[in-house]
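Position 51 of the sequence shown, counted from 1, bears residue number 51 in the numbering used here, the numbering being contiguous throughout.
It is worth saying that the hints were derived from the structure and are not from the lab.
Errors might be hidden in some of the hints.
Taking CB as the label site, the calculated pair distances span [stated by the list, open to error]:
| hint | residue 1 | residue 2 | range |
| --- | --- | --- | --- |
| 1 | Cys158 | Gly44 | 26 to 34 Å |
| 2 | Ser59 | Leu160 | 45 to 53 Å |
| 3 | Thr3 | Gln37 | 26 to 34 Å |
We put the beta carbon where it would ideally sit given N, CA and C, even for glycine.
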Amino acid sequence: MSTPVIVWGATGQARVLADFLPALGYRIEVLVDRNPQVAPPLEGVPILLGEAGFREWASARRELPAALVAIGGDRGADRLELQEVLRGAGCRILTVIHPRAIAAASAQFGLGCQILAGALVGAGAVLGDAVIVNTRAGVDHECRIADGVHVGPGATLCGLVTVGRCTLIGAGAVV
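With these hints in hand, go ahead and build the complete structure from the sequences.
Right, here's the structure in full:
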């Protein structure tokens, strides 16, 4: 039996999460998005409109599911804000690591981290809250990654790199 999850964000990042969450024992129960024009990305999964839609839905439930914020790119501040909305409502924020990612046993992950397919998080790396390490990206040994950072697809952070809050490291970048 899979554990239900609410995902805030109903576009590309939600599709990426939907692809591997079942392998971790989760299923997306509902999506939330502020854009009323967004096309449903996942068949059979309802989309709630913004905070009002989420609060109305949440008020009818005795217990809220775990949650993730599926908003990538340079919107780290939005990820952090929405993660706090979900936490404040009583959702447990997940950190998820794709089954084909590598995470060192000594790496530390904040709330809401998303480590995607083929990514590597090395020994002693410390990631803050709401960090995305995208497909095939590498965060090597002892890096310090602040809250809200997105490390783009194929980017490489060599050892001992420090990245500030809500920074976007672009696809293929080498630091």
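Does the Cβ pair Ser59, Leu160 satisfy 45 to 53 Å? With Cβ atoms ~47 Å apart, the hint holds.
Is 26 to 34 Å a correct range for the gap between the Cβ atoms of Thr3 and Gln37? 30 Å, holds
Within 26 to 34 Å or not, the Cβ separation of Cys158 and Gly44? The hint (26 to 34 Å, Cβ to Cβ) is violated, given that Cys158 and Gly44 are roughly 43 Å apart.
Hint 1 from the list above is the single one not met by this structure.
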